[in-house]
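Protein chains: 2
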Amino acid sequence: MQERGMLIVLSGPSGVGKGTVRQAMLAGNYRDFKYSISMTTRQMRPGEQDGVDYYFRTKAQFEQEIAEGGMLEYAKYVGNYYGTPLKYVNKMLDDGQDVLLEIEVKGAMQVREKCPDGVFIFLTPPDLIELKHRLTARGTDAPDVIERRIAQAADEIAMMENYDYAVVNDQVELAVRRIERIIEAEHLRVPRVIDRYKGMLAHTQAQQG
Amino acid sequence: MQERGMLIVLSGPSGVGKGTVRQAMLAGNYRDFKYSISMTTRQMRPGEQDGVDYYFRTKAQFEQEIAEGGMLEYAKYVGNYYGTPLKYVNKMLDDGQDVLLEIEVKGAMQVREKCPDGVFIFLTPPDLIELKHRLTARGTDAPDVIERRIAQAADEIAMMENYDYAVVNDQVELAVRRIERIIEAEHLRVPRVIDRYKGMLAHTQAQQG
Chain A
951 MQERGMLIVL SGPSGVGKGT VRQAMLAGNY RDFKYSISMT TRQMRPGEQD
1001 GVDYYFRTKA QFEQEIAEGG MLEYAKYVGN YYGTPLKYVN KMLDDGQDVL
1051 LEIEVKGAMQ VREKCPDGVF IFLTPPDLIE LKHRLTARGT DAPDVIERRI
1101 AQAADEIAMM ENYDYAVVND QVELAVRRIE RIIEAEHLRV PRVIDRYKGM
1151 LAHTQAQQG
Chain B
951 MQERGMLIVL SGPSGVGKGT VRQAMLAGNY RDFKYSISMT TRQMRPGEQD
1001 GVDYYFRTKA QFEQEIAEGG MLEYAKYVGN YYGTPLKYVN KMLDDGQDVL
1051 LEIEVKGAMQ VREKCPDGVF IFLTPPDLIE LKHRLTARGT DAPDVIERRI
1101 AQAADEIAMM ENYDYAVVND QVELAVRRIE RIIEAEHLRV PRVIDRYKGM
1151 LAHTQAQQG
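Chains as they are written, first to last, in the numbering used here: chain A, 951 to 1159; chain B, 951 to 1159.
In case anyone wonders, no lab produced these hints; they're calculated from the structure. Mixed in with the good hints there might be a few duds.
Since copy identity is lost for identical chains, a pair holds within one copy or between any two.
[As the list claims (entries may be wrong)] In silico SDA-like cross-links for lysine to any residue, where the CA-CA straight-line distance does not exceed 25 Å: (1) K1148 - P1075; (2) K1148 - M1109; (3) K1064 - P1141; (4) K1064 - R1139; (5) K1148 - E1097; (6) K1056 - D1120; (7) K1148 - G997; (8) K1148 - Q1102; (9) K1148 - I1100; (10) K1041 - V1028; (11) K1148 - D1105; (12) K1148 - A1101; (13) K1056 - D1145; (14) K1041 - E1015; (15) K1056 - V1122; (16) K1026 - I1100; (17) K1056 - E953; (18) K1064 - P963; (19) K1148 - P1076; (20) K1009 - G1020; (21) K1064 - D1114; (22) K984 - R1139; (23) K1056 - K1148; (24) K984 - E1134; (25) K1148 - I1107; (26) K1064 - Q1157.
Take the sequences, apply the hints, and build the full model.
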């Protein structure tokens, strides 16, 4: 029996550099995983390819997918739909492939409900850690800037609580390495491997019995 | 505020090579962690040192530690006590050090109850994975050997279910690397880091308020 792959959800606040980290992961020489291509209703841009950059669909097609329960997660931004088609993800997982999603926080929370055994990684802005130092370095930031940053930090920390792991994106290659460590470690978690052992045992017992 | 260290419990069935893996971890150049020295009532052997190989104590001293709740875990083997003194472990954790325990399965279950936020790693005999192949290679093992190995495998799989991670000890250096990955990944888990973020936020808010 093929062991099912692991769903890895990379998310985080906008502007944190999710796309850059994802691209570095895909360009790296790490173990096989597949990237889930998103579906969108926005216009294809020059140089983009259907099925490579996105699955480009009409609004009617996208809404039909939603109606049929075909979207793992989706959202509307600036009048266009963006989302993750369920069928490709499921196919890859069934084939034993790990699948990486790089999605917005709201989408990640939709996936969390549908796939609680996924690995949810929150990419953290480095200045969230340095916040204290920055804010205590008096006179460098205007009071309204400071207040806005504190409010934003509170939001980011509240988001983080819904994830399994927090990875600081201080340097892309460091963030990628941390994510790779997380994937390797998650593959060793007992709830993910115990069925394989039990299945093998049942098999050998049946052969002997 | 110093962040509390992480308790790492390495255990597994007897004969799996826990001691060898632990020694390789201590000899390696991985991040700092402290090894918790066990306490015992057995005789000191030539070349051994009190406080290095073990804390050597009399039976009366050991039983007083037990009575005072001073043992994180303990057991009696062949008339002698072996166990982990709580105070040293706590001190190291409070100092922000990760602490490695290498203990028997029964002891690990005692620690599990007292320290549910520890990281529990089960070292797995490689032949548990190869069991199927070995047993299907007809004629190489006597039927009673096969039956005994299957019964033992069932025990080992039942033990494994109480752990967070299963690490196959096929090669010591590979097992060590897997354990290191687990430690690195565990340090990124949200429940372990969120208090630091929240504390920092409370601090900056208080400064601005």
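Hint check results:
no.: 1; hint: K1148 - P1075; verdict: between (42 Å within a copy, 15 Å between copies)
no.: 2; hint: K1148 - M1109; verdict: between (37 Å within a copy, 12 Å between copies)
no.: 3; hint: K1064 - P1141; verdict: both (18 Å within a copy, 22 Å between copies)
no.: 4; hint: K1064 - R1139; verdict: both (20 Å within a copy, 21 Å between copies)
no.: 5; hint: K1148 - E1097; verdict: between (54 Å within a copy, 16 Å between copies)
no.: 6; hint: K1056 - D1120; verdict: within (23 Å within a copy, 42 Å between copies)
no.: 7; hint: K1148 - G997; verdict: neither (49 Å within a copy, 44 Å between copies)
no.: 8; hint: K1148 - Q1102; verdict: between (47 Å within a copy, 13 Å between copies)
no.: 9; hint: K1148 - I1100; verdict: between (50 Å within a copy, 11 Å between copies)
no.: 10; hint: K1041 - V1028; verdict: neither (30 Å within a copy, 55 Å between copies)
no.: 11; hint: K1148 - D1105; verdict: between (43 Å within a copy, 11 Å between copies)
no.: 12; hint: K1148 - A1101; verdict: between (49 Å within a copy, 12 Å between copies)
no.: 13; hint: K1056 - D1145; verdict: between (32 Å within a copy, 23 Å between copies)
no.: 14; hint: K1041 - E1015; verdict: within (17 Å within a copy, 57 Å between copies)
no.: 15; hint: K1056 - V1122; verdict: within (23 Å within a copy, 43 Å between copies)
no.: 16; hint: K1026 - I1100; verdict: neither (28 Å within a copy, 55 Å between copies)
no.: 17; hint: K1056 - E953; verdict: neither (29 Å within a copy, 31 Å between copies)
no.: 18; hint: K1064 - P963; verdict: within (21 Å within a copy, 37 Å between copies)
no.: 19; hint: K1148 - P1076; verdict: between (43 Å within a copy, 15 Å between copies)
no.: 20; hint: K1009 - G1020; verdict: within (14 Å within a copy, 67 Å between copies)
no.: 21; hint: K1064 - D1114; verdict: both (15 Å within a copy, 23 Å between copies)
no.: 22; hint: K984 - R1139; verdict: both (21 Å within a copy, 23 Å between copies)
no.: 23; hint: K1056 - K1148; verdict: between (37 Å within a copy, 22 Å between copies)
no.: 24; hint: K984 - E1134; verdict: both (15 Å within a copy, 24 Å between copies)
no.: 25; hint: K1148 - I1107; verdict: between (39 Å within a copy, 7 Å between copies)
no.: 26; hint: K1064 - Q1157; verdict: neither (37 Å within a copy, 41 Å between copies)
This entry does not satisfy hints 7, 10, 16, 17 and 26, going by the numbered hints stated previously.
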